[in-house]
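S.K.: Spelled out from the first residue to the last, the chains are:
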Amino acid sequence: MTLEPEPELREALLAAVPSLRAFAISLSGQVDRADDLVQDTLLRALSNLHRFEPGTNLNAWLFTILRNLFHSEYRKRRREVEDPDGSYAGRLKVQPEQGAHLDFEDFRSALSQLPSDQREALLLVGASGFSYEEAANICGCAVGTIKSRVNRARLRLASLLNVNDIEDLGPDSMTRAALQG
Amino acid sequence: MTVDKGNKLARVSLDNGSGEKLATDPKLDSGSQKRIGDQLRAMYDELMQQPVPDRFRDLLDQLDKNGRKGGSQ
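Here the protein sequences line up with chains A and B, keeping their order. If you're matching positions, the first sequence starts at 1 in the working numbering and goes up one per residue. If you're matching positions, the second sequence starts at 1 in the working numbering and goes up one per residue.
Since the hints were made in silico from the structure, they are not lab data. There is no bait here: all hints are sound.
Derived DSS-like pairs (lysine-lysine); straight-line CA-CA distance at most 30 angstroms:
no.: 1; chain 1: A; residue 1: K76; chain 2: A; residue 2: K147
no.: 2; chain 1: B; residue 1: K34; chain 2: A; residue 2: K147
no.: 3; chain 1: A; residue 1: K147; chain 2: B; residue 2: K27
Label-pair ranges, simulated between beta-carbon atoms:
no.: 4; chain 1: A; residue 1: D36; chain 2: B; residue 2: G31; range: 33 to 41 angstroms
no.: 5; chain 1: B; residue 1: Q50; chain 2: A; residue 2: D106; range: 19 to 27 angstroms
no.: 6; chain 1: B; residue 1: M48; chain 2: A; residue 2: D32; range: 15 to 23 angstroms
no.: 7; chain 1: A; residue 1: E11; chain 2: B; residue 2: P26; range: 42 to 50 angstroms
no.: 8; chain 1: A; residue 1: P7; chain 2: B; residue 2: K27; range: 46 to 54 angstroms
Beta carbons: idealized from backbone N, C-alpha and C, even for Gly.
Whole structure, please, built from the sequences with the hints as guidance.
M.R.: This is the structure in structure tokens:
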């Protein structure tokens with residue numbers, strides 16, 4: 001069977017770009033950096049096409065590549081600059097241009113405060129539409145680990161966004177309630 | 001240290017960062033879970049709907065041309 005990559009592959013890769021970008025932007029918090037990540041992902045995918053098993057999920061394969069690139073780059077940066085998690089969080093907050101909604105701004109800010117392993121698990125399962133099993137493959141960890149990360153990500157988001165009524169007792173939420181009410 | 005927003009964050013940051021805490025994690029009630037999920041997807045959909053930047057189209061076009069010379073069938 002001859003592989004005929006050009007037309008279909010091109011279309012398939014192009015079709016994958018929006019979801020890769022959405023993932024990369026949500027993961028990195030920066031559109032420019034996300035686009036670089038997506039570009040590197042496409043290049044790496046093309047030079048490793050022989051490793052892709054036809055019939056398997058192309059998107060999952062691409063997400064795996066992107067995620068690995070993101071983490072190796074992150075580690076590299078971390079070595080170069082002292083980069084505590086806080087600076088990442090700060091970056092996400094000052095990125096309002098691609099989402100005028102205040103809701104999203106709040107949400108992004110909360111998302112940025114998650115540990116990155118929880119953030120990526122939640123993005124894969126809750127937004128990108130992967131199963132727990134697929135997400136576990138993408139992240140190279142156990143299914144149970146993904147489930148636990150997703151659960152903790154949700155809990156933290158709920159508490160940061162004051163979604164969870166039970167935890168809704170702090171002065172923050174009272175101020176907020178007053179403003180909304 | 002991310003102590004920028006009052007004690008709510010301070011409390012939350014206790015289970016931040018470090019390893020997997022395998023103890024009994026509480027579950028979010030389904031209503032809250034749905035609201036989180038809805039917001040997440042709404043944010044994500046907005047990103048998905050952004051037009052594909054030209055650089056990706058150009059990149060793949062270019063590879064199309066380059067790939068053709070080697071890829072004899």
